[in-house]
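Peer 1: Residues per chain, in single letters:
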Amino acid sequence: MSLHDTYPCGRISRRRFLHQAGGGFLGAAMGALWAESGEIQNAILGPHFPPRARSVIFLFMCGGVSHIDTFDPKDNKWAGKFIDAVGFGDNQAEMKRPVIPCLRTFTRHGQSGIPVSDWFPHVGSMADEIAVVRSMWCNESNHFPAVIENCTGHRGRQFDHPSLGAWVSYALGTENRNLPTFVNIGRPSSPVQLTGGYLGASVSATPFQAGEMPIPNLIPPKGGVGADRDRAMEALQVLNREFRERYETHLDIAARVKSYELAARMQLSAPQVVDFSREPRHVQEQYGIGAPETEEFGRQLLLARRLAEEGVRFIQICHAGGGNGAWDSHGDMKSHGPLCRATDKPIAGLLQDLKQRGMLDQTLVVWTSEFGRTPWSQNTTGRDHNPRGYTSWLAGGGVRGGVVHGATDEVGYRAVEDPHYCSDLHATLLRQLGLDHRRMEVNLFGRALRLVEEGSEPILGIL
Amino acid sequence: MVLLLAALLLPLPPGGTLRAGPKAKRAEDLWALRPLVRPALPASARPGANPVDAFIEASLRERGLTPLGRAEPLVLLRRVYLDLIGIPPSPAEQEAFLSDHSPDAYEKVVDRLLASEQHGVRYGRRWLDVLRYADEDEQLVPSVGLHHWRDWVIGALNEDLPYDQFVRAQLTGYRGAARTQITATGHRVAVPPRADDLFALGFLARGAARFDGAQSPELAISAVETISTAFMGMTVGCAKCHDHFYDPISKRDYYAMKALFDPLVVRKVVLAGAEERVANGKAPAEAARKRAALEAKIAELAGPYRERLYEERLAMLPGEVQQVIRKPEKQRTAAERKIADDYYPVLRIDAGKISEVMPEGERKRYGELRKELDGLGSGGDLPACFTVEVDPARALEKSFILISGDPQRPDRAHEVEPGWPFGPANPDLREGRVEALSDWLTAPENPLFPRVAVNRIWQWHFGEGLHALPSDLGSLGGVPAELDLLNWLAAEFVSRGFGMKSLHRLMVTSEAYRRSSETRGERAAPSLTLDPALAHPWAFRLQRLDAEGVWDSIFASAGRLDLRVGGPSFDGALPGLPAGEGRSMRRGAYLVRGFSASRDVLPPFLQTFDVDDGRVPCPVRTRTVTAPQSLFLMNSREVAEAADALGHRVERESGGDLGSAIDRAYALVLCRPPTHAEHRHATEFLAGNPARLVPLAWVLLNLDEFLFVR
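Residue numbers (the working numbering), protein chains in the order written: chain A, 1 to 463; chain B, 1 to 710.
So that you can see chain B by itself, here it is in the shape it has in the complex:
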């Protein structure tokens, strides 16, 4: 981190294929925008070695840092399980790994994990942090099927959808660049998109549908902020109110990019087949008929009283106002209409006032009727989700710079043409605005696109990116120390056709990933002195488990983790059942995210363990180590129940032998056997009493080791 402070812009040779406007600082000055040329492997590279290691070892040598040796097998196994699928290895999986003596035993595990559908759940959640998934926010109508977008992301990762297609689908609804085709008769027509890719557009629609049914002006603003940071690694959002302080991004660039999204509107899509729709179509009509009948009865009953109250109220008003009000609406002048509108609330006769003046019997009847009316729904609702589409009328409207970023205050003197920073001067928008951005972004010659992606994926595996600010490759974060490695990985990613699983595999099978994290002792001392913050990967970075890791590990060890994939979010609150009833918890990735000004949406557990509410993209979670986290592990009902289940589980699975119960508990919680000393202490603690297995389980869940990936 200290090295980051010395972030200096290295003088770079001019050149580059990307356009830059006439700005104080040129796009060419940014390392991330320079053309991607695959660096040669360092001369010292051992034949057959992972190229990742070739670069890192050369760099470490140059810096006088001595890499640590490999982590112990079970330490590595737990690390790679928690990383790739977010669930610790079971005792059987630990045993199988230890007894597999083939040279590629570890690689086989990696392949199996990458093929597991739980991998999509784990990495989907990571992507969704960056893409600001939230089930609910100030404007978003809750429970409208946004989880279909999450399911789509998880599914896409599981089928190893190439990264460029992954991004294109979420921007345009099409995986490929071919969105039109020519018919036999020479007409260009749209290719219908894949039906399931509709859900990918939840990315743009998220948060844009308001409770009042209107369109949120935030759609375009949120799209610019999210796309620029997530896929371009540029904080274009900073230029909303002023030119960017650090990077060559002007306010005009911002609004040009925003103009790409201005024509988009959200559309509600009902997710039902023909039969369901027909059946459902009858319900509102039925409800409306009942409603009309009731309303007529109410009007008949309340009519005379309402009229009397109205006349009384009207008589209180000044004479000229009375005159205006008594005029038929159509005969009023504009000024008179304003007067009538002003006095409308004064003359409004509420139900409460009517029932005050009614005699007892009628009041009761009136109350009953109104209650009945309130109870009438509008007729069944079908499941739905939101998507976006271009509104042709909006596409004809001009876009302007907004004053102070306020959608209500366009600066009419400053019109902008659709475009984006670092893009072509006159982008070809014939296929659509967002489509043009999407094609530019995902083109193999765009160096920004793979650099941002490989850096982000590196961060997820190693705890910190090669460039420390994964969503900001601008000048603020300086030039990464391992720039050659980053460039090599980016070039490799492109040449492998943007396959994410193959990139994961490349990284986690490197020696750098397999290193020990124990920086104690003589061997590590010189390196630790030189690089105490582990800015260079000479040791593996110890990390606190993230929120979902804590959640999933607790319930997995107890045998209570529900591994179902897909579906809506849940709030994590424990139902009021007694402990030990065999209930299970869904994976932490499905815990609800969101923000409401009026109540807590994000479960306290997630807040305690540093999860953002999803209002804005979160490229790096803060990782605090706090007392409330300790209190959760010590005293929460969740941990108490898990300890109870775990204690009984190991008792059952060890056939009553306390010695093997201890081994089993260690394997389930810490994914390793206990040392002799630990076994002895645990045996002393149990003192021959199987009932103490539950408190022992609690102890293990509270160990520091449990909370960290090492």
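Bound conformation, chain A alone:
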């Protein structure tokens, strides 16, 4: 029995449905039920126009990467001088702070000649595929609020806004009935990065691990019941039969049957996705698998590519998360070094691999962080948080490569040329996926809620 048999309205858009239901509680439950049942494989909100990208691989560096030491070179003429700075966090006052020198050397890469620091030589080698946006900004200056702002497009948690990946998965549904639409790999800074918020649990991120057990409870615990599992599954089918017949008119039971089937299918398909044994050695090496420093992130990115190949819409990879995030280099910029080394080769490997497979055109890779870092230090050789200017870069998925867009001021403090609020990045992503950010809204509790608020637009300069 299909849900359509009892739900004659068929393809009623969920947005409309929620609106009409007048509350959202029931509507949300129903929507989640549909989505999980696999009935909705096509768009709920979109696409609104032909998409350029099929999937997004969203690389989020937790803790705040210094743009000044990576993709936004500044000369050191201000180094050692005290400048008027604005304190962040609890202290918003103007104060004097010493600009610290940038100890990196920058090399111009590829035909485009984009300068990239010696911390990212491999990513640099892919410069012609990359659009560097040097003029990002957001409002929040502490980690958790900024992470929330960067992943939901909103400040604070008053409205339980969903994360970016949840919106995408909600709007576009799945291409693969055996896998979730929104996957997170790696430890996030905040659970908000995974939340489906008011769009419901069914569009929240499913955490995958690049190991034997990609999803919690995916395979039975060792020993115990495991051995007799096949026979037990058969018995389960048989013993379920009578109850299912008795309750065949109930939507919930239909959903339960489907969810069980999906669980069973995931049990078969998900381990294959994490099984790298068929990946040629040279591909694994491209990702840095086999070298201790790059092994972990390399495995995560290879898993990301495999998920993209399987049609997973939004693959979010959180690097160095947990707490404030390891990129948070207040004490000494040197602590960026190992993090760059751990991610540089895998990221470049991912871009190369996608390109070689002809997947880069349809796979949008985004690299970003919750904010950048200040030109000055707090009496250390490290840098403070800087939400007023930072760098994100994009590659593939219809984004022009070899482009530098926007600029910060001469010390790297404020985004001054073509400044882009973090929601502009979201709008860009949506656009490449064939979604109009203005039409991405749901009506709940009598008000329109959206990912991208008025005033934010895609970054057209890189498209």
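It should be emphasised that the hints constitute simulated quantities derived from the structure, not laboratory data. Bear in mind that the values here come from a model prediction, so they are computed numbers and not experimental data. The C-beta atom is built at its ideal place from N, Cα and C for all residues, glycine as well. Any given hint might turn out to be false.
[Claimed, not checked] Chain A side only, calculated, beta carbon under 10 Å to chain B, not exhaustive: (1) His143; (2) Ser189; (3) Pro216; (4) Pro220; (5) Arg229; (6) Asn240; (7) Lys258; (8) Ala264; (9) Gln272; (10) Gly322; (11) Asn324; (12) Ala326; (13) Met359; (14) Gln362; (15) Arg447.
[Unchecked claim] Below, a list of computed lysine-lysine pairs in the PhoX-like style, where the Cα atoms sit at most 20 Å apart: (16) Lys353/B <-> Lys338/B; (17) Lys353/B <-> Lys297/B; (18) Lys364/B <-> Lys353/B; (19) Lys96/A <-> Lys327/B; (20) Lys81/A <-> Lys338/B; (21) Lys398/B <-> Lys240/B; (22) Lys334/A <-> Lys353/B; (23) Lys334/A <-> Lys355/A; (24) Lys251/B <-> Lys398/B; (25) Lys290/B <-> Lys371/B; (26) Lys251/B <-> Lys240/B; (27) Lys338/B <-> Lys96/A.
For this one, chain A is given, so just place chain B on it according to the hints.
Peer 2: Showing chain B alone in chain A's frame:
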């Protein structure tokens, strides 16, 4: 649900005792605010029938819906057990029920369940969803005894504290309205509140104490949102930034209500007797003495190096800055003070820098001393909890509308007087602001108060309220189809003195509650066509077990459910013991709730089964049916261990006879005997091997039937 879409405001006659301001839409337009008049029973009512059924049967007849017959006895037994105490009936209880042929066998079960202390655990948890219980959130200091509030709620339900007292205690700390008394000499003095009702105030204090010791501005905001939705059934919180879109609630109303709570501050209460306090009082002093001694040693060792580094650093700064810094602090002008402050972090000499310049031997000693210092605690902490009290200074402060709801941005041009929507124009605040609200709210003539309560309780028993939005009786949800029934129940609730147990009993002993949920077959077909969403209770609504129901049922069937009542929350993580060690699990109601921006607080199990984190009130849980839920039942360690325990349990309890082991397993998991066909299939599956009882237990825990209340 489809009927909900047609939510139309019926034209209602004017009148009503409640005041409404000059608004576009009047309070009189809202059905929930109209005076409560007990409707007469329908003429068709059978004598002696439950009045609930009289209303429902008349309504069904009118709509051409044919009610289904009663559910099978054991189906009903499992339903009412899971509803009233959240635990399935044991095989012995099933047998006793089947063999009790007295006409009131079912009523006796209901009375026994309502008298069980597990009833408080079950319904306490339901209330705590609505009252946004959370052990931890962004601001709440964790582990500060908030669970005492949960224990209070559970205890109050178990002693059948009337609903008005239940609410008053949580708002004011007093169950009754008499908070003062007059002495023999004519002085009005405060009556001391009951000592245990202190914990009821955890309701207001929750989330308001910050890690940094400051007061969260969220106390008043959260109080308005929670009280208005939970007890008034009005979404006053919507008017925080704009006048309410649907209901006659203005932004001014919101801030007037918020002003009721503005004078409240949180206070930490140490929960210890005199002797413990005395013993504990010595500890911090001892710790401070040790600390001072250590600090002196460290200063002596590091002093010269610190001074040298400081001088070097200072020499780097511009001359005029050096001059300012060298001035004694008291002689600096305001501008100079600012300069000194700006350069403070530049001149701060951290321990790391000092140890860099120290010779090897001293560096080691310095490190040891510092480590020792870090290891010194502040001296023992006593158990504590948070409560609220009126701060007289704050009570003198004016309250304003906030711009964009931001506590930092009061709109000084718009002062508000304390009050609340739908309340009197000039409330009598002499007994206190919150007290005034509490007295108005719980007054027997307030029609909103019992309507919200009976609708909520109906929702808990029947799966959906008579009004589908239990915390919003405003115009958005329309007028309930069974409005007469709702009004009758509300009037009855008031006349019974707000007794919740008696209301539960009235509802669950109705025929409507006892109906079958099987909507298959010829008898149900016409009704199913007319009302496929069961908007009217002609059949019982099949429901997925809620999270706690799943948790408790799994461990109860395995004989591993720890039924202790009260105490702090637990995280549900399985300790690293091998399976079958006889460990037990506490009830799901005690699983930790909460939110942290930096880590998961809510156990994955609760997230998978649709439990909110408790940041905001949750009047209705979403009920999804998802693949991760199936994966939990199939593959989790919890279910594997329970299956193992259950398999061994039935083997042991059936004395090795596989036939009766199958019967026992069915009774424990599904609360019924297997059918012949099921018994045969199970026997085939076992194939004479008792070791297969564990996989059989796994099969039963994974049956669709187990996951649903039918």
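Peer 1: Now tell me, hint by hint, if it's right for this structure.
Peer 2: Do the hints match the structure? See the list:
1. Here the hint on His143/A is kept, as its CB sits about 8 Å from the closest CB of chain B, short of 10 Å.
2. The interface hint given for Ser189/A is met, as the beta carbon of that residue sits about 7 Å from the closest beta carbon of chain B, less than 10 Å.
3. Because the smallest distance between the Cβ of Pro216/A and any Cβ of chain B comes to about 6 Å, under 10 Å, the interface hint for this residue holds.
4. About 5 Å separates the beta-carbon of Pro220/A from the nearest beta-carbon of chain B, less than 10 Å, and the hint is met.
5. For Arg229/A, the suggested interface contact is upheld, since its CB lies about 8 Å from the closest CB of chain B, less than 10 Å.
6. Because the closest C-beta pair between Asn240/A and chain B is about 5 Å apart, less than 10 Å, the hint holds.
7. With its C-beta approaching chain B no nearer than about 8 Å, Lys258/A sits inside the 10 Å limit, and its interface hint holds.
8. Checking Ala264/A against chain B: minimum C-beta separation of about 8 Å stays under 10 Å; hint holds.
9. Given the 10 Å rule on beta carbons, the hint for Gln272/A is violated: about 16 Å separates it from the nearest Cβ of chain B.
10. Restraint check, Gly322/A versus chain B: the minimum CB separation of about 8 Å is within 10 Å; hint holds.
11. Interface restraint check: Asn324/A against chain B, minimum CB-CB distance 8 Å, threshold 10 Å, status holds.
12. Restraint check, Ala326/A versus chain B: the minimum CB separation of about 13 Å is more than 10 Å; hint violated.
13. The beta carbon of Met359/A comes no nearer than 27 Å to any beta carbon in chain B, farther than 10 Å, and the hint placing it at the interface is violated.
14. Interface hint status for Gln362/A: violated, as the beta-carbon distance to the closest one in chain B is roughly 26 Å, over 10 Å.
15. Annotation: interface hint on Arg447/A holds; nearest CB of chain B at approximately 7 Å, less than 10 Å.
16. A C-alpha spacing of about 25 Å is found between Lys353/B and Lys338/B, which places the hinted pair above 20 Å, so the restraint is violated.
17. Distance check on the hinted pair: Lys353/B and Lys297/B sit about 18 Å apart at the alpha-carbon level, within 20 Å; holds.
18. The straight-line distance between the Cα atoms of Lys364/B and Lys353/B is roughly 14 Å, inside the 20 Å bound, and the hint therefore holds.
19. Restraint check: the Cα-Cα separation between Lys96/A and Lys327/B comes to about 19 Å, which is no more than 20 Å; the hinted pair holds.
20. With a CA separation close to 18 Å, the supplied pair Lys81/A and Lys338/B stays within the 20 Å bound.
21. Restraint check for Lys398/B and Lys240/B: satisfied, since their Cα atoms lie roughly 18 Å apart, inside the 20 Å limit.
22. A distance of roughly 16 Å separates the Cα atoms of Lys334/A and Lys353/B; the hinted pair therefore holds under the 20 Å criterion.
23. Restraint check: the Cα-Cα separation between Lys334/A and Lys355/A comes to about 32 Å, which exceeds 20 Å; the hinted pair is violated.
24. A C-alpha spacing of about 17 Å is found between Lys251/B and Lys398/B, which places the hinted pair at or below 20 Å, so the restraint holds.
25. Simply put, Lys290/B and Lys371/B have alpha-carbon atoms about 13 Å apart, close enough for the 20 Å limit, and the pair holds.
26. A distance of roughly 6 Å separates the Cα atoms of Lys251/B and Lys240/B; the hinted pair therefore holds under the 20 Å criterion.
27. Taking the CA atoms of Lys338/B and Lys96/A, the gap is near 10 Å; set against the 20 Å cutoff, the hint holds.
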